[in-house]
Amino acid sequence: MSAGIDLENVCCDFGTFRAVDNANVSIKPGEFFSFLGPSGCGKTTILRMVSGFIEPTQGAIKIGGKDMRGSRPNQRPTALIFQNLALFPLMPIWENISFGLEVRGVDKATRRKKAEDLLKLVDLPGAADKMVSQLSGGQKQRVAIARALAVEPSVMLLDEPLSALDLKLRQHMRAELRAIQKRTGVTFIYITHDQGEALAMSDRVGVMSQGRIQQIAAPRDIYDNPVNGFVASFVGENNIFEGDISPVADGMASLSGPHGNFRARILPDAQGKALKLYVRPEHTKLSKTAAAENSVEMEVTEVAFEGAFISVHGLASGGKRIQAEVKNDGVTQAPAVGEKVFATFDAARALLLPDANVRG
Amino acid sequence: MEDLIRRYGTGLTAVFCLLVAFWILVLVILPNFAMFEQSFRPYLPVVDIGGPKDVFTMGNYEKILANPVETSWFGIPITIPIHISTFVDTVFFSALVTLMTLILAYPLAYFLAKVANPRSIPTLLLLLFIPMWVSEALRAFAWYIILTFNGPLNALLKALGIIDQGVRWQNGVVTSYDAIVIVLTYCYVLFMLFPIYTAITSLDTNQIEAAEDLGSPWWRTHWRVVIPHAKPGIASGCVMVFMLSAGSLLVPTVVGSTKANWFPQTIYTWFNDALDWNTGAAYSMIFLLVCILFVIVMMRVFKVKLSDIAK
Ligand SMILES: Nc1ncnc2c1ncn2[C@@H]1O[C@H](COP(=O)(O)OP(=O)(O)OP(=O)(O)O)[C@@H](O)[C@H]1O
Ligand SMILES: [Mg+2]
Chain A
708 MSAGIDLENV CCDFGTFRAV DNANVSIKPG EFFSFLGPSG CGKTTILRMV SGFIEPTQGA
768 IKIGGKDMRG SRPNQRPTAL IFQNLALFPL MPIWENISFG LEVRGVDKAT RRKKAEDLLK
828 LVDLPGAADK MVSQLSGGQK QRVAIARALA VEPSVMLLDE PLSALDLKLR QHMRAELRAI
888 QKRTGVTFIY ITHDQGEALA MSDRVGVMSQ GRIQQIAAPR DIYDNPVNGF VASFVGENNI
948 FEGDISPVAD GMASLSGPHG NFRARILPDA QGKALKLYVR PEHTKLSKTA AAENSVEMEV
1008 TEVAFEGAFI SVHGLASGGK RIQAEVKNDG VTQAPAVGEK VFATFDAARA LLLPDANVRG
Chain B
13 MEDLIRRYGT GLTAVFCLLV AFWILVLVIL PNFAMFEQSF RPYLPVVDIG GPKDVFTMGN
73 YEKILANPVE TSWFGIPITI PIHISTFVDT VFFSALVTLM TLILAYPLAY FLAKVANPRS
133 IPTLLLLLFI PMWVSEALRA FAWYIILTFN GPLNALLKAL GIIDQGVRWQ NGVVTSYDAI
193 VIVLTYCYVL FMLFPIYTAI TSLDTNQIEA AEDLGSPWWR THWRVVIPHA KPGIASGCVM
253 VFMLSAGSLL VPTVVGSTKA NWFPQTIYTW FNDALDWNTG AAYSMIFLLV CILFVIVMMR
313 VFKVKLSDIA K
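Those protein sequence lines, which keep their order, are chains A and B. The first sequence finishes on residue 1067 if you use this note's numbering, and the numbering steps up by one all the way, no holes. The second sequence finishes on residue 323 if you use this note's numbering, and the numbering steps up by one all the way, no holes.
It is worth saying that the hints were derived from the structure and are not from the lab. Don't take each hint at face value.
What the hints assert, rightly or not - Chain A side only, calculated, beta carbon under 8 Å to chain B, not exhaustive:
id : residue
1  : 724
2  : 758
3  : 787
4  : 795
5  : 797
6  : 807
7  : 810
8  : 811
9  : 1026
10 : 1030
11 : 1049
Computed from a prediction, not measured in an experiment: that's the story for all the values here. Don't be surprised by glycine CBs; every beta carbon is placed ideally from N, CA and C.
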């Protein structure tokens, strides 16, 4: 029932403004794929192109191998869940859910039955005859999902559907969505600007910035092996060092800058570009003495207790901010404010990365 | 009330209340009551007013049942009092005008609210408004000229080869009310347009898109999503256009044929030509009541609540 989606060199222009630039993605049938990016980077535009509300200026969108150019939203096997849900407030819940079936000429008894089945699936039995205004935010969410599932789409498109919910409910609905996706096997394309959400739910994530897809990879890879500084910064915290690069063998290079000489991993295609060193706070260790390599002295300015770990902020020479995390395991000691310590990191955990991939 | 006093002080609040009371009492209730009262008195020479002949009577109301004539409705010949016939025609053709304005205004309102480029809306609204700056009388006479036998409409149709003989539009082609219906539709279409436009503007565009995304063809999206949302606007547009059309005196007088009588003309005749204000008042009362009744019945049929219209 589910279908794959291919975006081939897809561009979308609004006047002279290019909202989506040369997107290439191949999403597999039954995959949970997320687009992650900051506000205004073109996520919604991609979704609207897949659902058929906008035609790409260039390139092709294929659903299940079929080129979709020229087919209207009502002819595509997709179901879109809008950011504001867009439920029909003048219809009772069951009519909302079965609207797609009404369109297809299904008789009333069958529609009613199907709506009740779907309400069970989304864990909302007994709501069939309520009105939209009588439901809570999370319940409306489920109705929107049920309404989209009713037409048995090959592809579900979700535009930040959880953004209006509070944290607890959001976490619950994440698990729920993931479970529904597993149960139905439908391809999900999920849009969010919340990296936690994208990393936790998805099979693969496409990180976007300014209309360009920066990286497509599994969540783990996105976090551990970002391809550029934008991706590294968007999905987590970093300590960033600048300097001149000189290549060393075996995928490693050294960076010499105002804070000293560091050794770090370099990707083959990054050679010769302007690079910076990125290392995550949880890979930044603190010690009283300098290590053999990758070590920088700093003065602790803030110690914040975060529960599972303790976040330590400090200033190195030249006012460089550095952040480290100390595990709250009862053994490791966190330094005190004002103390001078060395921040060190493993060369294998540090990456030399270019800035974001933007239009020249 | 307390809220008003807190906000504007006692003095200003009193002024507000007195003004509203003045409006309702002196400008609305009193004149209508005077007419209501007059309608139950016979038409008498001035010297007899207040005298023994000035008694309570239903005679004025009974006059509407006089003078049966033979006419035909949709080919069915019937005998009916002439004023009742006029009355029924007026209500029927006003309803027709209402329907025509609705058919014209709904697509235009939808276009303005959801399709047109938002930047061009002020210009489009201005273009729609400009004809309203011209008085109704001038617009009616303009249509009189357009529709005359030697007028531009016949000339155009002849030039296009659609007709080879001039048509007497004012005598009517389909019914003798053609010209009245056309001109009333033209005059009142904006009263239909704006309430519907406002209602559709408040509809979330995502709902229209959601319907389409679920596979709905355009007509079903309108039927199930847009029209239900716009219903209060449609209802208030319909009530306004119906009441204005049914109450119009000017348009039927200017463009109507000799065979097309509009009920306000009948009332006017009683007041102005016969100088019988009592019968005129009685006819007005009947007309007012039946029009209100008609609107209420129609609202019931289309399941519209009074509070919807007030929105
Ligand atoms: N109809 C339009 N006309 C002109 N520009 C548009 C239009 N729609 C979107 N844009 C522009 O395209 C860019 C991408 O918009 P898009 O809605 O895809 O962003 P987004 O990634 O979904 O952001 P958000 O997270 O805020 O929803 C934005 O800069 C926006 O201003
Ligand atoms: Mg968006």
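Violations among the numbered hints: Numbers 1, 9, 10 and 11 - these are the hints that the structure violates, sorted from lowest upward.
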